[in-house]
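Place chain B on chain A using the hints.
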Amino acid sequence: MWWFGLFFDRLSLDIARRGIAAPDGAGPLAICDRLRILDADDAARAAGVAPGIKRAAALALVPKLLLRDYDEAQQQATLESLAAWALQFTPAVSLQADLPFGEIDDTVVPCGLLLEVASSLRCFGGSDALLGQLRQGLDALGFAVRVGAAPTAAAAWLFARHRDGLQAGDTRLEAALRALPAGLLARSRAQRETLDAIDARRVDDLFALPRAGLARRCGRALLDELDRALGRQPEPRRWFEAPARFETRLELLAQVEHADALLFAARRLLNQLAGWLAARHCAVRAFAVHAEHDRRNRRADTLLAVRLADPSRDPERLCSLLRERLAVTRLPAPVHALRLRCDEVLALPAASAQLFPGAGVAQENLARLIERLQARLGPRQVQRLSLVADHRPEAAYRVDAVDAAPGSSRADAPRPATARSRAPAQGADVPVANLPRPLWLLREPVPISERHNRPWWHSALTLLAGPERIEGGWWDAALVQRDYFIAEDETHALYWIYRERLAPDDARRGWFVHGRFG
Amino acid sequence: MSSILPAAVWRASQLGHASVAALSSGFPAIDVELPGAGWPIGMLTELIGRESGIGELRLLVPLLRQLTREHRFVVLLAPPHLPYAPALASHGIDLDYLLIVQAPNAADRLWAVEQTLKSTAFGALLAWLPQDRTRPEHLRRMQAAAQPATGPVFLFRQLAAQFEASPAPLRLLLLPRPDQRLSVQILKRRGPVMADPILIDLPQPVSAIRLRASPPVATSTPGPMRTIHARHDESRAGTLN
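Which chain is which? The protein sequence lines are A and B, in order.
-12 is the number of the first residue of the first sequence in my numbering; add one for each residue after it.
64 is the number of the first residue of the second sequence in my numbering; add one for each residue after it.
Hints were generated in silico from the structure; no laboratory data involved.
Treat the numbers as computed from the prediction; the structure is a model and nothing was measured.
It is possible that part of the hints are untrue.
The calculated label-pair distances, taken between Cβ atoms and stated as ranges, are [said to hold, decoys possible]:
no.	chain 1	residue 1	chain 2	residue 2	range
1	A	431	B	264	28 to 34 Å
2	B	170	A	463	38 to 44 Å
3	A	456	B	258	42 to 48 Å
Take a look, some chain A residues computed to stay more than 10 Å from chain B by CB distance [stated by the list, open to error]:
no.	residue
4	21
5	35
6	37
7	44
8	90
9	152
10	192
11	200
12	224
13	241
14	248
15	254
16	269
17	285
18	318
19	475
Ideal Cβ placement from N, Cα and C applies to all residues, glycine included.
Okay, chain A solo, but in the shape it has when bound:
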């Protein structure tokens, strides 16, 4: 067994602060309950706001101190989302309750995680490498953490409470535990006072005392805790189970109106999402960030919906798509909270590493490009052409938006689904044309005039070939009865022009340019 104890010693502060990039959110901040300051950040502490002082006293010391009320439910929810995130490193994650504010407040609430990582060490390259990844990940999420590592859960937790980075293996465990201050074991004011009264400064001092007497004075719980830390008692734990849905909210410390600042906060959420997805071996096809505006403005949330070409859980990629989406979105009002919801979660098989980069890489790059273009230009702006078996020129093709590949796997994401247009080009599917077709088709035929019995567009046109009679469309509303010619103007550019036959009214009679030979 090898346990990591993760103690989030500034959890409430981090929850309040993590949506704002550090230089902007540097104002002194403190967490308080009704009366007292529970925790204060470095700037506030430097100004004399110590945990434990009265709320009014703190405000007198630092008038522009930002106060946030302690919210136990939010803290619990955040810790659960952190546990869900940590599931990517090991399936054995457990919430640990303790005193988050030390001696100031004696309510025991969850404020840390315990991870049993023995079975994950090989996969992540050892204890130190895994710890490095954990710290890096938590830093990206915006949480400060103190980590302890030990063969038992209770010891790992005590180490984390005492000092960051403390760890001890089987042989050094007892010695390391003996060196800890005895106060770490106390869970209440009464216990603390008893320990003080019997002059037990270190855990070592407790070992010297008779067990029965100690149990009578301090309660069995304290001794049990010590026994569990030493591995003399079993320690059953409840494992955390990840929620089936991902929805998370991040309240911003200030009103944000810049896209960059929003992106900073969104990146925190996306990192969290990535961890949750990794733990479930899943990926997203689509996600939506709701930007909540201040209630006073009475505005509906701004919705930033992003679709991916193929499922992914790479936070960088999700973030870059969101950035493009943000770049073209106008925020009607400042934003005070972000909510991330993901709709399409799919199982993502792990990609096997390739010895040589193959064609799959280029295909994947292309899918990335398409989704980036779609994120900014709009999903209909990336198009694909296909043939339709019809004689009418304007009905002989179809323009489809490139779908971000429904149901296709990663490798062939941008591949089209239609088998029809896959036939070799000169094959039977292409209508045999008498005259060559122009490479450019005008979106609307342009009516042109006639001079000296010759069609005229900027200059006199000379007919080089034709007519090719095209009739069709009696079966739907768009009846076409035309004679097509290829014409050349005086600069030798070629046009595809037609004359309407049997036109129903004057407006449609005469010559039209329909294409250009690009």
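Okay, now just chain B, sitting in the frame of chain A:
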């Protein structure tokens, strides 16, 4: 003497062949005159013409046919008109490997060009730039972004652009000529100045009949593939029904 020079240096009278990766244009007359014997990869190629519809796309048809057959994607960025699918197909271009990106807004268009260049995932990029919004610094950025590209990059520009300075290493001026020919004048290349334009025959779809000769050129020989239909039409050319 020439062997002493480093590979990236060439004499004014020679073509710079050094390390220019290129794809054949399909026209031997053009390949001979281009450094690397084809359309350069990872560089901008400017195609300057009066307007779209003078054969500028048919000039690239052999390349597009080759690329799409190799299952490499060709991106058409902000084409001025609709690329006509049946015509592309009749030229042998596989439509499955053609992507069209519409970007009506000039700023979006420049952004899309740069994004596409950065992705390096395309077989060829054909981009139509907004004439009045494209400044030399945009082109310099594009040229820098094009370096790692795996395919040739064509920028279609209007006639006025031929007098502007441009960082594109290859610039061609296209003019239509009678009988479906195209005059290609090399305005800039890594090599000696070329005064005379190259005249090429534009490719025709296999299934199509030949056109009549243009009227001013009286001596042109009739095409060998001329069909009865065409002759029939020719006889009526003067009256125009």
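Hint check results:
{"no.": "1", "hint": "A/431 to B/264: 28 to 34 Å", "verdict": "holds, 32 Å"}
{"no.": "2", "hint": "B/170 to A/463: 38 to 44 Å", "verdict": "holds, 40 Å"}
{"no.": "3", "hint": "A/456 to B/258: 42 to 48 Å", "verdict": "holds, 47 Å"}
{"no.": "4", "hint": "21", "verdict": "holds, 53 Å"}
{"no.": "5", "hint": "35", "verdict": "holds, 51 Å"}
{"no.": "6", "hint": "37", "verdict": "holds, 52 Å"}
{"no.": "7", "hint": "44", "verdict": "holds, 54 Å"}
{"no.": "8", "hint": "90", "verdict": "holds, 56 Å"}
{"no.": "9", "hint": "152", "verdict": "holds, 41 Å"}
{"no.": "10", "hint": "192", "verdict": "holds, 65 Å"}
{"no.": "11", "hint": "200", "verdict": "holds, 73 Å"}
{"no.": "12", "hint": "224", "verdict": "holds, 48 Å"}
{"no.": "13", "hint": "241", "verdict": "holds, 30 Å"}
{"no.": "14", "hint": "248", "verdict": "holds, 22 Å"}
{"no.": "15", "hint": "254", "verdict": "holds, 20 Å"}
{"no.": "16", "hint": "269", "verdict": "holds, 26 Å"}
{"no.": "17", "hint": "285", "verdict": "holds, 32 Å"}
{"no.": "18", "hint": "318", "verdict": "holds, 19 Å"}
{"no.": "19", "hint": "475", "verdict": "violated, 6 Å"}
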